[in-house]
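Could you put together the complete structure from these sequences and hints?
The primary structure of each chain is shown beneath.
There are 2 protein chains.
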Amino acid sequence: MLAEARARDAADPLRDYRARFDLPQGVIYLDGNSLGALPKATAGRMAQVIRGEWGEGLIRSWNSADWIGMPQRVGGKIAPLIGAAPDEVIACDSTSVNLFKLIAAALRMQPGRKVVLSEPGNFPTDLYMIAGLEAQGLAERRLVPRERIAGALDGDVALLLLTHVHYKTGAVFDMAALTRAAHEAGALVLWDLSHSAGAIPVDLNGCGADFAVGCGYKYLNGGPGAPAFAYAARRHHEALEQPLTGWMGHAAPFAFSDDYAPAAGVDRLLTGTPPILGLAALEVGIELAAEIGIERLAAKSRALSEFFRTCLDRAGVELDLVSPADPEQRGSQLSFRHPEAYAICQALIARGVIGDFRDPDILRLGFAPAYVSFEDVAQAAQHLAEVLKTGEWQREEFRERAAVT
Amino acid sequence: MLAEARARDAADPLRDYRARFDLPQGVIYLDGNSLGALPKATAGRMAQVIRGEWGEGLIRSWNSADWIGMPQRVGGKIAPLIGAAPDEVIACDSTSVNLFKLIAAALRMQPGRKVVLSEPGNFPTDLYMIAGLEAQGLAERRLVPRERIAGALDGDVALLLLTHVHYKTGAVFDMAALTRAAHEAGALVLWDLSHSAGAIPVDLNGCGADFAVGCGYKYLNGGPGAPAFAYAARRHHEALEQPLTGWMGHAAPFAFSDDYAPAAGVDRLLTGTPPILGLAALEVGIELAAEIGIERLAAKSRALSEFFRTCLDRAGVELDLVSPADPEQRGSQLSFRHPEAYAICQALIARGVIGDFRDPDILRLGFAPAYVSFEDVAQAAQHLAEVLKTGEWQREEFRERAAVT
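So the protein sequences, as listed, match chains A and B. Heads up: the first sequence begins at 0 in numbering that gives the first Met the number 0, then just goes up one per residue. Heads up: the second sequence begins at 0 in numbering that gives the first Met the number 0, then just goes up one per residue.
One side only, chain B facing chain A, incomplete, derived with CB under 8 Å: (1) 30; (2) 46; (3) 55; (4) 124; (5) 132; (6) 137; (7) 223; (8) 246; (9) 256.
If you are wondering where the hints come from, they were derived from the structure by calculation, not from laboratory data. The beta-carbon is built from N, C-alpha and C at its ideal position, and this holds for glycine as well.
Pasting the structure below:
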């Protein structure tokens, strides 16, 4: 398969982008869905921000380097990747904190309704942030399996909160259909795009979505714990009231008045002082994704994961695929169920193939299209075939659980 | 005064620490209370985190570089600066977000009480975060001038929320006395240490404080928008329930269960994925402050601001000092009231003396003890005397307001 892989790499319109990332020698990185790789431009940009803007510019850089405008500027650059207008997206805080703001804001827009509907097995922080508002007495969490979601949209549902691409399986929700169903039932919709943004096309405005959040450190390559983003459709801006009313969301932060008055537009989603170092790194990653373009990223992502399946087939590997077999129905990952998934994942890492494990039995391999090559894919499939064939995953060393899995 | 200043610098036990910062040429920086200067070690440490830990280590660094332990590790290093035990402090989110968590947590511990007591003119975000909980129907904000705070502690007060060092005037609250008064009235106390940490001694545990928050980008020199910190006295850990229940505050984040169960100790104050770049820069700043030691920092801070007053006196400058005249009663700043404070501040900046302006009429000069010299102070006083004497602040260019003031 190596010859075929190389031929595909040679024909890949994205082949030159791999060199725009700093990738370690001897590693095949299939975990960009957990932490995206380092763009080569990031280190230089960060040195400039640190030495130039912070060290030389000091406090003046809030104006001269437009630090104060970074949440809006970076948010605006995410917008075309997710089908939003630039003034509908802002980069700030973590995905979790942004979930809290938008769930709370949606609940306030829905007097008489308290239910936030989601699915069991959604990414934990989404479910926990609903629980946080439930513990405040402001929400009622209702979890219904994904195939019964549409049927569970009754008159009590204030908000439907779903993760567009499932973190474990990679399965994609039909955003247009579910948004329509929610609206017909009088519910609002909040989409978590953590595993979508930068990997597959998203059309928030085309689907009539209300709110969205997403993660900066996966396919946007913003660095570990990068700031997240939040989206609110323009039609909701005026009514948007979120509880984390910090000074940066104020209409006039530097008037230092005692009473809160929300800023116009998505600016009111801001809370504290913007994290400049994190935003600067995130901006580099987003610019690179935007330069490649989401359609090309998605096309290559599908080609990579399909090629991986072909390689496994030809190597005679039979594994229980839990991701949808149709590449249009999944994100940029393939997940396999195996009772020894943890040990298999560790054995692959020992061979230089980095994927990840999701409790209790999922081996998850991500195909970040900006820097993963077809040769990576062919070799990774070969390693997986050998790990399974040799049974080397049975070694004791591969069973020891680390703090972060 | 220059000769005297130089003699003081020569005798200053902290004189060698100035060289541990990258300070721009031709600038006297008296705004470390707004954004602390860049430690020289930061750029190198950040390059290592970016190229080594992120670029080379990739996802493995959550374990191998102990990224997962950074909020606790960095928090633990702040602890000795504020009179806390290492397991009582955690670095995360912004000051604003941490205020929300701890105000909400305190309210839950106080059934039957809803009032959060503070003073008008407290830093806006503190007041706004109370307002955010008030808009949720969970709090009632009561603002009483500082001299009447103790008398306003009645049976409705759940929490007293005060900023230890006032951002505008630098006036210091008596933490021990007010904490005692609050406890006698059955209230809990949350101290905002944004203008205290790294500048003046704080003894949270000695005062019996309940909760605290603080800022990483002022005297801790953590960089623009650095992560903040939160403190909870150990006796409250078990009862602590905060509403931003994200996955990082879960007892077992990587078990990916649907239901939230809080982690032990201050870990339950975590919400989203830790911002590693921001935490790494903050850690460098904190280590430097800890190396110098808070008693030496505070002693020099007092000496610097007293020397500035002496220099102004000798230059015949009369300005309306709104900071307490007693250096023990103020933080590391001097604030002067003048109807043309904005233009005077701009004229000083044009001369290379960077202080700041606080609406509507305050010129605020900070004396960050780790890197400001007595010579800086003498020259700044001379510039201020000249600006006032020549009236150069009256130029049109000094009246134009920037976005961030």
